[in-house]
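For the sequence shown, our numbering assigns the number 1 to the initial residue and increments by one for each residue that follows.
Quick caveat, the hints were computed from the structure, so don't treat them as lab data.
All residues carry an ideal CB built from backbone N, CA and C; glycine is no exception.
Possibly wrong hints are sitting among the right ones.
The calculated BS3-like cross-link candidates involving lysine-lysine, where the alpha carbons are at most 25 angstroms apart (straight line), are [what the hints assert, rightly or not]:
no. : residue 1 : residue 2
1   : 19        : 52
2   : 64        : 52
3   : 64        : 80
4   : 80        : 52
5   : 67        : 83
6   : 80        : 67
7   : 83        : 52
8   : 67        : 52
9   : 19        : 67
10  : 19        : 80
11  : 76        : 19
12  : 70        : 19
13  : 76        : 64
14  : 64        : 83
15  : 83        : 19
16  : 70        : 80
17  : 64        : 19
18  : 83        : 70
Computed spacing ranges between beta-carbons, pair by pair [stated by the list, open to error]:
no. : residue 1 : residue 2 : range
19  : 66        : 5         : 17 to 27 angstroms
20  : 65        : 16        : 20 to 30 angstroms
21  : 54        : 1         : 30 to 40 angstroms
22  : 35        : 72        : 40 to 50 angstroms
23  : 74        : 35        : 34 to 44 angstroms
24  : 42        : 22        : 18 to 28 angstroms
25  : 3         : 75        : 22 to 32 angstroms
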Amino acid sequence: MLLTIIPFIAEGVANDWQKAVACLDRTLRSILGNPERDLRAMVVCQDRPPLKPNDERYLFLETKQPKPDKQDPVAKERDKGVKIV
Numbered sequence: 001m002l003l004t005i006i007p008f009i010a011e012g013v014a015n016d017w018q019k020a021v022a023c024l025d026r027t028l029r030s031i032l033g034n035p036e037r038d039l040r041a042m043v044v045c046q047d048r049p050p051l052k053p054n055d056e057r058y059l060f061l062e063t064k065q066p067k068p069d070k071q072d073p074v075a076k077e078r079d080k081g082v083k084i085v
């Protein structure tokens with residue numbers, strides 16, 4: 001099994017939340033479209049995106065980590081790092 005961990009930006013932190021959600025949806029559909037059934041994706045996020053993937057290969061893990069300041073690029077990178085550790 002191969003697990004892909006996807007740190008996902010929080011709503012209110014993303015410059016364009018709808019675009020971020022659309023990109024995540026495209027990424028997850030790409031994983032679903034792979035003929036290899038032993039792939040998994042774990043999306044780590046503060047705010048669960050409004051997606052409805054009907055596949056057991058996806059897992060959404062909502063963290064209680066505080067949202068970073070939208071204007072602080074270092075805090076945003078730190079947030080991403082915490083989500084993948």
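A quick look at each hint next to the structure:
1. 19 - 52: holds, 16 angstroms
2. 64 - 52: holds, 22 angstroms
3. 64 - 80: holds, 13 angstroms
4. 80 - 52: Satisfied, since the Cα-Cα distance of roughly 23 angstroms is no more than 25 angstroms.
5. 67 - 83: holds, 11 angstroms
6. 80 - 67: holds, 11 angstroms
7. 83 - 52: Holds. Residue 83 to residue 52 sits at ~21 angstroms (cutoff 25 angstroms).
8. 67 - 52: holds, 23 angstroms
9. 19 - 67: Roughly 19 angstroms separates the two Cα atoms, so the pair holds.
10. 19 - 80: holds, 18 angstroms
11. 76 - 19: Given pair residue 76, residue 19 holds - Cα atoms ~17 angstroms apart, limit 25 angstroms.
12. 70 - 19: holds, 16 angstroms
13. 76 - 64: Within the cut-off at roughly 15 angstroms; holds.
14. 64 - 83: Holds: residue 64 and residue 83 sit about 11 angstroms apart, inside 25 angstroms.
15. 83 - 19: holds, 20 angstroms
16. 70 - 80: holds, 13 angstroms
17. 64 - 19: This hinted pair holds, its Cα atoms lying about 23 angstroms apart.
18. 83 - 70: With a Cα-Cα distance of about 17 angstroms, the restraint between residue 83 and residue 70 holds, given a limit of 25 angstroms.
19. 66 - 5: 17 to 27 angstroms: holds, 20 angstroms
20. 65 - 16: 20 to 30 angstroms: Given range 20 to 30 angstroms: holds, Cβ gap about 21 angstroms.
21. 54 - 1: 30 to 40 angstroms: Taking Cβ atoms as reference, residue 54 and residue 1 lie about 20 angstroms apart, which means the hint is violated.
22. 35 - 72: 40 to 50 angstroms: holds, 42 angstroms
23. 74 - 35: 34 to 44 angstroms: Given range 34 to 44 angstroms: holds, Cβ gap about 40 angstroms.
24. 42 - 22: 18 to 28 angstroms: holds, 20 angstroms
25. 3 - 75: 22 to 32 angstroms: holds, 26 angstroms
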